[in-house]
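What follows is each chain in one-letter form.
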Amino acid sequence: MAESHANPVALRLSRAAGTSERAGTALSLGLVSTFLTLIVILPIAALVWESKRDGAHAFWQVVSSPEAVSAFKLTIGAAAIVALVNAVLGTVTAWVLVRDDFRGKALVNSVIDLPFALPTIVAGLTLLALYGPRSPIGVNLAFTRTAICLALCFVTLPFVVRTVQPVLLELDTEMEQAAHSLGASGLVTFRRIVLPNLLPGILSGLVLALARAVGEIGAVVLISGNLPYRTEVSSVYVMGRIESGDPAGAAAVAVVLLATSFAILLGVGGLRFLVTRHERA
Amino acid sequence: MRRYVPRFVALAYLTAVLLAPLTMVFWRTFQHGLAPVWGALSNPETVHAFKLTLIVTAIAVPVNTIFGVAVSLLIVRKRFPGKGVLNAFIDLPLALSPVVVGLSLYLLYGRNGWFGSWLLGHGIQVLFAWPAIVLATIFASVPFVAREVIPTLRELGDEQEQAASTLGASGWQTFRRITLPSIRWAVIYGVVLTTARSLGEYGAVAIVSGRIVGRTETATLRVDDSYQNFDLTGAYSISLVLAATAVVVLILMTVLKPKEQMA
Numbered sequence: 001m002a003e004s005h006a007n008p009v010a011l012r013l014s015r016a017a018g019t020s021e022r023a024g025t026a027l028s029l030g031l032v033s034t035f036l037t038l039i040v041i042l043p044i045a046a047l048v049w050e051s052k053r054d055g056a057h058a059f060w061q062v063v064s065s066p067e068a069v070s071a072f073k074l075t076i077g078a079a080a081i082v083a084l085v086n087a088v089l090g091t092v093t094a095w096v097l098v099r100d101d102f103r104g105k106a107l108v109n110s111v112i113d114l115p116f117a118l119p120t121i122v123a124g125l126t127l128l129a130l131y132g133p134r135s136p137i138g139v140n141l142a143f144t145r146t147a148i149c150l151a152l153c154f155v156t157l158p159f160v161v162r163t164v165q166p167v168l169l170e171l172d173t174e175m176e177q178a179a180h181s182l183g184a185s186g187l188v189t190f191r192r193i194v195l196p197n198l199l200p201g202i203l204s205g206l207v208l209a210l211a212r213a214v215g216e217i218g219a220v221v222l223i224s225g226n227l228p229y230r231t232e233v234s235s236v237y238v239m240g241r242i243e244s245g246d247p248a249g250a251a252a253v254a255v256v257l258l259a260t261s262f263a264i265l266l267g268v269g270g271l272r273f274l275v276t277r278h279e280r281a
Numbered sequence: 001m002r003r004y005v006p007r008f009v010a011l012a013y014l015t016a017v018l019l020a021p022l023t024m025v026f027w028r029t030f031q032h033g034l035a036p037v038w039g040a041l042s043n044p045e046t047v048h049a050f051k052l053t054l055i056v057t058a059i060a061v062p063v064n065t066i067f068g069v070a071v072s073l074l075i076v077r078k079r080f081p082g083k084g085v086l087n088a089f090i091d092l093p094l095a096l097s098p099v100v101v102g103l104s105l106y107l108l109y110g111r112n113g114w115f116g117s118w119l120l121g122h123g124i125q126v127l128f129a130w131p132a133i134v135l136a137t138i139f140a141s142v143p144f145v146a147r148e149v150i151p152t153l154r155e156l157g158d159e160q161e162q163a164a165s166t167l168g169a170s171g172w173q174t175f176r177r178i179t180l181p182s183i184r185w186a187v188i189y190g191v192v193l194t195t196a197r198s199l200g201e202y203g204a205v206a207i208v209s210g211r212i213v214g215r216t217e218t219a220t221l222r223v224d225d226s227y228q229n230f231d232l233t234g235a236y237s238i239s240l241v242l243a244a245t246a247v248v249v250l251i252l253m254t255v256l257k258p259k260e261q262m263a
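Note that the protein sequences, when read in sequence, are chains A and B. Per this note's numbering, the very first residue in the first sequence carries number 1; after that it's consecutive. Per this note's numbering, the very first residue in the second sequence carries number 1; after that it's consecutive.
Bound conformation, chain B alone:
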């Protein structure tokens, strides 16, 4: 009996908060059949929203991956002053509210902003256009690759790299043939987390994009927009696609994550 109480409590909590609501979305979406869902998803504004989300993610993820790997190598393998500060700044986006992220970019690139005034003067629009969405998404998902690669690099030690170096390998060769393969799974796991974060970003993008339907509306913004306009089928349909993507992400996370959690 004693062992069943905690199990029941935990499972009940998870069902009530996570599982039951998630299944509701799958059910609600198809409540009126397949046709309305297809109609909602093939709506040109929705298609554009998905495209925009994908493009933004396709830019943000590689950028943050390259940054993440580079900064991890620096922090773990090199000595320089201010390492702690650098580490703290990398983790900063995790502690920030998305509205803080969005507002800070809004202020920097707005008409009176430090960058905005100059850029607009040269005909480059950042705010209320796709560049701002990209910047907001990059800002919000900066930490993930670095946070996965740093502990892995620390654990690995650099004997193999030193050996390669004494055998005459150049820095790039060592990186490509020794370091990169050994951090491969950490990088992939970090990429999965970064992708999930980029696809799902809402608060920051809501502020910097201007939410212009058919131009700067991402998938997450479209869910909100549809709901506010009483287009429940539309909102649920897009959510379904995003939720299905999340399930795929979850499967990847499970498969790739170090198996040290259950004993």
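Same shape as in the complex, but just chain A:
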């Protein structure tokens, strides 16, 4: 703060401003924190409380029940597959948007954000229209696990693309040109020069995509059919528990989902930290 004036009047003024400024900050901070507590923190606290209400044994019973475990395995599995698809195709898409040029590229760039703009239930319905029972191309994926992956691909599509694009834009092509002049083929250059630089961006996008995929419900609920042990994901299972009048059970599984999201954030975040170690060396 610029308070090191020699002028005593200025000093007194700025100190007075400092006091009321600090009071103003404290008040704003109080209001903002109260809002966040009421809206976000207390509900989550109530959720965690409820999940533990009947004790650890009851918690474990719900969470390890066959249907819950099956739903969880499906959720994680589908999210992992979709993450892999996104890592590859998302990077390719980002590459094309940054390095390539063609008519309509700007339009394509805008369309990438569609999953952020479209309600998830509508997304699910659009997929059902094209890949469901009355599909015009004869592809019926309704009630299959493939449909779940497809729906998750829809909602997570923008994440890797948008995190890789800025990295590619910043990337100096000098290294690639040097490698090329030294005789490296395009693929080798990509694998050994470009990819390591893109990896932090890819991982950032992956974290977001995974966290989103694990919790998704709107896009999945119509096309999957929600068949227990076959196409029921954890989020749908939680809703089922609520409708069956078992909020504690629902809370237990929901807490597992919550913990999974945190694990993803920490796990992939940690991976990203490791990968960028050389930048901090």
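Think of the hints as simulated: they come from the structure by calculation, not from any bench. Cβ atoms here follow ideal geometry from the backbone N, Cα and C, with glycine treated the same way. Where hints are given, some of them may not hold.
[Unchecked claim] No farther apart than 20 Å at their CA atoms in a straight line, the calculated lysine to aspartate or glutamate pairs in the DMTMM-like style are these:
| no. | chain 1 | residue 1 | chain 2 | residue 2 |
| --- | --- | --- | --- | --- |
| 1 | B | K78 | A | E21 |
| 2 | B | K78 | B | E159 |
| 3 | B | K78 | B | E161 |
| 4 | B | K83 | A | E21 |
| 5 | B | K257 | A | E170 |
[What the hints assert, rightly or not] Sample of chain B residues with no beta-carbon within 12 Å of chain A, all distances over it, derived:
| no. | residue |
| --- | --- |
| 6 | F26 |
| 7 | A35 |
| 8 | P36 |
| 9 | L41 |
| 10 | K83 |
| 11 | L86 |
| 12 | Y109 |
| 13 | H122 |
| 14 | I124 |
| 15 | Q125 |
| 16 | A129 |
| 17 | R154 |
| 18 | E155 |
| 19 | V187 |
| 20 | R215 |
| 21 | V247 |
Put chain B on the given structure of chain A with help from the hints.
Positioned in the frame of chain A, the structure of chain B alone reads:
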């Protein structure tokens, strides 16, 4: 040849996952003509659903905008302990499943909930009524304005604000005439994202609203309801309106977003 393969792969992927399904909705909706669509949309329950969605959005967006701007100013311009924690809590809704959001509110405001028991005792119904829908929507869309304004404020630096302060401007004057105009586009972009999220919220609202047709059913819930009741025209018609809104949102996002993505 080499440059066409990635281009083809990317475009094929985007078409298969995004574009083709989206066009299907526009086509399917009008498959049987205009009249059934109009009939479906002017159905009183559907009209109510749209109204409810709009009202909820009209409350959630300004609330989150004011919060977003206030918290951004605090985080970027002020010093206080726990800044990282505050930042993390703001971003929390992005990592949460909508069912986690909905269930947590269900538990807090339900009959046996910490708030629910007291509120119901005083005749205030939150759960299975519009207040719960508003709370769920606010919860789900908290991060967007803050996430856009914070980096912008960071980049801008506060020299102009300091200058205004030394020239005698009050805090509010400085905010209104210096700060706010400089973050204007970030705020608008954040508002667009918040609006899109609020309009499209499904999972959380499905849990807390009770899905009472004609009372607590939002547009997204109505799509689901129509589909489950084999009213495909109804489901597609409402989806069409929502999809058209999404396209408008997309156009706004494109126009407002910083143009640093394509080189």
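Query raised in the report: Broken hints, numbered, in rising order?
Result: Structure breaks hints 6, 10, 11, 12, 21.
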